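Visitor: Listed below, chain by chain, are the residues.
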Amino acid sequence: MTSLLQIDNLETILHTGATPIRAVDGLTLQIQKGETFALLGESGCGKSMAALSMMRLLPDVGEIVSGSVRFGGEDLLLKSEASMRSIRGKHISMIFQEPMLSLNPVLTVAEQIGEVLRRHFNLRGVALQERILRILSQVGIPDAARRMTEYPFQFSGGMKQRVMIAMALVGEPELLIADEPTTALDVTIQAQVLELMRDLQKQKGMAILLITHDLGVVSEMADRIAVMYAGEIIEMAVREDFLLSPSHPYSQKLFAALPGRAKRDQGLAVISGNVPSLSSKFIGCRFASRCEHAWDLCRTTAPEWSTVSADHQLRCHLYNKDSGDNIQHRVELGKSDTRVVPVSQTSIDNSKLLCVTDLKIYFPIHKGLMKRVVGHVKAVDGVSLSILRGRTLALVGESGCGKTTVGKSILQLITPTAGSVCYDGLELVGLERKRLRAKRAEFQIIFQDPYSSLNPRMRIIDIIEEGMNALNTKNDIGVSKEVRQINFSNGEKVDVLLKRVGLPPETKWRYPHEFSGGQRQRIAIARTLAVNPKLLICDEPTSALDVSVQAQILNLLKELQQGLGLAYLFITHNISVVEYLADEVAVMYLGRIVEHGSVDEVLSNPKHPYTQALLSAVPVVKLESKREAIRLHGDLPSPANPPSGCHFHPRCPKATPVCSEVYPEVTEFSATHTARCYLYEQPSPS
Amino acid sequence: MTFKPVILWTDALIYLLLVVVIIFAWYVRRNEHLLAPWRRVGHSVSGMMALTVLILFISIGLLDTIHFRPSVQANGSTNNKIYGVQVLSLFDVIATPLRINIEKTYSAPFATHLYTRETIEFSEGKQVREFPRLEFGGAHLRNPEEQFVADVTWRTVAGLSLGLFVWSAFVILLVMLMAYRSGKEFMQTLSAILRNETEVPWNAVFRMLALIFSLLGIALSLSACYHIFGTDKVGQDVFYQSLKSIRTGLVIGTLTTLMMLPFALLLGIMAGYFRGWIDDVIQYIYTTLSSIPSVLLIAATVLMMQVYMETHPELFDTIAVRADLRLLFLCIILGVTSWTGLCRLLRGETLKIREMEYIQAAHSFGVSHWRIISRHILPNVMHIVLIATVMDFSGLVLAEAVLSYVGVGVDPSMISFGTMINAARLEMAREPMVWWALLSSFTFMFTLVLSANLFADAVQDAFNPRVRTLSFINRKIVPR
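One line per chain: the protein sequences are A and B, in this order. If you read the first sequence in numbering that gives the first Met the number 0, its first letter stands for residue 0, the second for the next number, and so on. If you read the second sequence in numbering that gives the first Met the number 0, its first letter stands for residue 0, the second for the next number, and so on.
Hint data in this document are derived by calculation from the structure and do not stem from the laboratory. From a predicted model like this one, the values you see are computed outputs, not experimental measurements. Beta carbons are placed, not taken as given, at the ideal position from N, Cα and C, and that holds for glycine. Fair warning: there could be bad hints in the mix.
To be verified - Derived DSSO-like pairs (lysine-lysine); straight-line CA-CA distance at most 27 Å:
1. A:370 / B:351
2. B:232 / A:366
3. A:280 / A:262
4. A:89 / A:262
5. A:438 / A:533
6. A:351 / A:433
What the hints assert, rightly or not - Far from chain A, some chain B residues (derived; all Cβ distances over 12 Å):
7. 22
8. 122
9. 190
10. 300
11. 357
12. 358
13. 359
14. 364
15. 366
16. 367
17. 371
18. 374
19. 376
20. 381
21. 404
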């Protein structure tokens, strides 16, 4: 069988520092006609660089050193730049991660798609317009005839990604390279886009090279899977083999690091350390330094391909029949899979720590010369929730639904328009600045992006001490009374804190740029712990991190909760993290909470149609996972102009006429489980 | 004491600036993340060559900044000394021959005779109109027509060899110092420099130094006996004037920035950080300010100040003090009118930074606004300030020249590029043309501004993260 794309021993180097970075180091793979080939790996493994090398679209600093990329028998690397242009867009096309940045904001959608057609098909005039219209309706853009003359900013994120797909597919390529096509999208939109890609693939019979870090997406989409680690492929298998029996220790760890409900009472498996720097020279196995099963051979000799079955190869000495004493290691491999951290249920007094009632945050919209207020963006529109001491409440919802605004307004970083935030019996809304400052130590926030949450110009010690100095905290955790004196105690306390979050104390003299994403997030956690908070607001603390690092942070958060009795408000869109960490769940849609309950109630028995759709859209790592997701039409409406009645009714598959009239009342299913939906009996007005 | 030190206003500010720069350099040396971009400046060939030239200019300017009043010989044997009204600088003392060898009027470069005819009366009563011999230029020549070429050649060669000798001594000293600091052999260090293998392009710097030293040597040996750039209307040496202008240019370039920075930093960051009505007020102020033609504003202010100074002569004990104060006011006025550009830049950057999560984290710690501004925002906009400052420098030197030309610049008694150009302007129209004053001031100003611009380019490249990676493309790539 001749393959569509055959890459042999591709090596790409980036000249970005003193030493060149071997971003792709000996990549060999084949893609057959019509299949979906997934390239799976953590960030910094060279996945995107591999894709760009195939297209010969490397940045200026990149250089392909050796290897060949054969597409339909021709080596693309030997082609001239001019003849590459007839390949790109026509035979191979690409979808990028960020739909907001991939479209030119000053050209209409039709003009951008037309560019491809003019170049490759020499279409003009009416024929061109018809073709654009057809492709746009194919990718499911409603009212395509009108929308094709609109500009990218008039489209939502999911729609932009559809336009990107339309642009990539209009040349009817044989191969589509999709570089993290859904990472920037919400789960419900992600489900739409993935379904679209599957449908189009079925119709046109093209091959897809799917680059992703998401095991869920891989298990939904891929036919064959290659795991990339530190610039090379370490395991390659067909989907069933990979999902049933991942063989490389790294792949196994990736699965074990996924959070989920089944793992609630134990720690997640972690891969210690980070992806090694690609600028170093590798002698042995690249994974050896992080592998629990590594022995001497792994550190001295790079493993060759070993075959498990016809469709399943990997690079690991454990599976190499020639290397002698591997049997005992393989035995261990089966059992010592997850490092189980026993979880003891500590007895906590279950009084309410935080009580938010009817919180409203409206942002005024100004217009005209005099900046008259013409309307309000109702970011948060009447949210009530409460958090018990030492427990975790997860706030779930798509981006733009107001989750983060709730978090920030609890901290009074955004002043609420109405409602009350009651912390430990003290009303925070309208509290004067001085008294609020005294209370600030008790509630802290961890941000999503570890790269922008630490000041790049400050040393770690300064970052951690900032809060201590500003709030003058005197009561220390785990530090004896003698060292409580200010100035003297600070240095020691920083050491204690860094150890607590799993960093060596020497690191306090360094600057943030010297740390990886996970380590930065640890520093951010240490910074908040420095002031002894009782409530931590975690604003998507793991969504910018890789699976293995996410597991480290989740373990740390769980450990801290047990050790220090912290309460968390965990803001996230990642359902599996919720399953793993949360005690209670509140589902938010367009500024309002639509369903609230304990984690078991909400996740196994969702009542609100939105919760049901959200849960069904989450890609799961399961062999038989090609299940039908409840498809939601369209996107989140604008909070400046929310739909009448139930906000969800325009997208709801079960909507009835009454839904568009009045916002539904709370229906109670149990003492803790509530939802707002007309599908269930409404309480009689009293 | 044969002199009395005088610290003029601009001197004091220059000393202050010097102290600030030294403290900043010391602080940067201790912080690796601040030092790294400066290292990249050090790796740029054009930047380092420009810096070498700049250092030469700056040292001349600094020599010219140390002012004093020499004592004058009082009649009688009284003990109390009387100090002259003339304020001299250290540079004036070094260049004494240039300063006091004043001819009658114009003379061309290397001339031995005046540029204008004069009536000379011989002892026997005969009168002849001819070009008289200069008092100082080429006065040692008995017969200028025959001896001139040989004399100039000999002095050039002598000056060149002196320059090269000093250069080699300097280089050897520098290499020895480098070898000592890196703990290597002298020859090892030297050969590394010769083969251009050092991180800092010392090879290029040394070549630049060779050029500077030989030019300096030639200029020194020739200017002792000739007016190498000619003389001006009142017979003053143009070479001396050009050298004196350097300080004026540097003062305008640096002190204006010093005046401008507080406005730009404070208002720009405040506008971006607090937003709301503070932002509105600050924006209205700078929009209004930048909509007034700056030359008009400057002219009006300078004229007002001039009138005040003339009606209060008792405030100034020497002419130099008055000229200096006028220079200072010019700096202040230029500073007050030119902060808007940087202010706008900083406002934009602060608007971006204030939304960063580390600022929000600081808010949630209850850190005060002032501390957030000084610890979080200021260090993160410093690179913009630095780039803007270095880029503005050359523009300000040019602005001074334009303003003095228009007549609202520095005091007429103060030598500057602008006054030189202004004085030479009318003479361009006469026949034969007097071209040297304009040419030499132009050459000096060109060199100063060019080196400042090249250095600013190097600084900008080093501080711009996007350019950083591209410099490596040019390197030879060795495949495995």
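Visitor: All the hints need checking, so say for each whether the structure fits it.
Guide: Quick rundown of the hints versus the structure:
For the hint linking residue 370 of chain A to residue 351 of chain B, the alpha-carbon distance of about 22 Å falls within 27 Å, and the restraint holds. Among the hinted pairs, residue 232 of chain B with residue 366 of chain A is inconsistent with the structure: their alpha-carbon atoms are about 65 Å apart, more than 27 Å. For the given pair, residue 280 of chain A sits about 37 Å from residue 262 of chain A by alpha-carbon distance, which is inconsistent with the 27 Å threshold. Only pairs whose Cα atoms come within 27 Å are accepted, and residue 89 of chain A paired with residue 262 of chain A is rejected, the gap being roughly 46 Å.
Straight-line distance between C-alpha atoms of residue 438 of chain A and residue 533 of chain A comes to about 11 Å, which keeps the hinted pair within the 27 Å bound. Distance hint between residue 351 of chain A and residue 433 of chain A is fulfilled; the C-alpha atoms sit about 25 Å from each other, no more than 27 Å. Here residue 22 of chain B stays apart from chain A, with its beta-carbon at least about 18 Å from theirs, past the 12 Å limit. Non-interface status of residue 122 of chain B relative to chain A is upheld: no Cβ of that chain comes within 12 Å, the nearest being about 81 Å off.
Under the 12 Å C-beta cut-off, the non-interface status given to residue 190 of chain B relative to chain A holds; the minimum distance is some 23 Å. Against the 12 Å criterion, residue 300 of chain B stays outside the reach of chain A, whose nearest CB is about 34 Å from its own CB. Not every CB of chain A lies more than 12 Å from the CB of residue 357 of chain B, the least distance being 4 Å, so the non-interface label is violated. Against chain A, the non-interface label of residue 358 of chain B is violated: not every CB pair exceeds 12 Å, the least being about 8 Å.
Some Cβ of chain A comes within 12 Å of the Cβ of residue 359 of chain B; the nearest lies about 6 Å off, and the non-interface call is violated. The beta carbon of residue 364 of chain B sits about 4 Å from the closest Cβ of chain A, which is not more than 12 Å, so the claim that it is off the interface is violated. Here residue 366 of chain B does not stay apart from chain A, with its beta-carbon only about 4 Å from theirs, under the 12 Å limit. In this structure residue 367 of chain B is not separated from chain A by more than 12 Å, as the shortest Cβ-Cβ distance comes to only about 7 Å.
Residue 371 of chain B, annotated as away from the interface, has a beta carbon of chain A within 12 Å; the closest lies near 10 Å. Some Cβ of chain A comes within 12 Å of the Cβ of residue 374 of chain B; the nearest lies about 7 Å off, and the non-interface call is violated. Residue 376 of chain B, annotated as away from the interface, has a beta carbon of chain A within 12 Å; the closest lies near 9 Å. Non-interface status of residue 381 of chain B relative to chain A is broken: a Cβ of that chain comes within 12 Å, the nearest being about 8 Å off.
No Cβ of chain A approaches the Cβ of residue 404 of chain B within 12 Å, the least distance being about 43 Å, so the stated non-interface status holds.
When each numbered hint is compared with the structure, violations occur for hints 2, 3, 4, 11, 12, 13, 14, 15, 16, 17, 18, 19, 20.
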